[in-house]
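S.K.: Sequence:
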Amino acid sequence: MVEEKTQSLESALWSAADALRGNMDASDYKNYLLGLIFYRFLSVKALKAFAESNRMDENNHAELKKQYTQFLDPNNMIGDIKTREATI
2 MVEEKTQSLE SALWSAADAL RGNMDASDYK NYLLGLIFYR FLSVKALKAF
52 AESNRMDENN HAELKKQYTQ FLDPNNMIGD IKTREATI
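In my numbering, the protein residues as written are 2 to 89.
These are computed hints drawn from the structure, not numbers from a lab. There could be a bad hint or two in this list.
Calculated lysine to aspartate or glutamate pairs in the EDC-like style (CA-CA distance at most 20 angstroms, straight line) [to be verified]: (1) 31 <-> 11; (2) 49 <-> 59; (3) 49 <-> 29; (4) 31 <-> 19; (5) 46 <-> 64; (6) 49 <-> 64.
Please read all numbers here as calculations on a predicted model, not as lab measurements.
Just need the whole structure built from these sequences, with the hints factored in.
M.R.: As structure tokens, then:
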């Protein structure tokens, strides 16, 4: 059952990747895809840190917020981006 779901997920991901890539060369496409994967990693890490910071004292919370919002806008986390309409 799990193996079947894994194969189904893998197939869906490859299909989505092929559809998104279109006529773009794979060597160019990897730059966009790796950037998105890295941005997702940063978003997840920041959201976990924000959740933990709610349990911290005021000084640590402010320092953590300053550290993460220097690079990531809290309004542009990966979850927020996925729900927006594409305006290209």
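S.K.: If a hint holds in the structure, say so; if it doesn't, say that too.
M.R.: Hints and how they fare:
In summary, the hint linking residue 31 to residue 11 is supported, as the alpha carbons are separated by about 17 angstroms, within the 20 angstroms threshold. With a C-alpha separation of about 17 angstroms, the suggested pair residue 49 and residue 59 falls inside the 20 angstroms cut-off, and the hint holds. For the hint linking residue 49 to residue 29, the alpha-carbon distance of about 31 angstroms lies beyond 20 angstroms, and the restraint is violated. For the given pair, residue 31 sits about 12 angstroms from residue 19 by alpha-carbon distance, which is consistent with the 20 angstroms threshold.
Only pairs whose Cα atoms come within 20 angstroms are accepted, and residue 46 paired with residue 64 is accepted, the gap being roughly 16 angstroms. In summary, the hint linking residue 49 to residue 64 is supported, as the alpha carbons are separated by about 15 angstroms, within the 20 angstroms threshold.
The structure does not agree with numbered hint 3 stated previously, though it agrees with all others.
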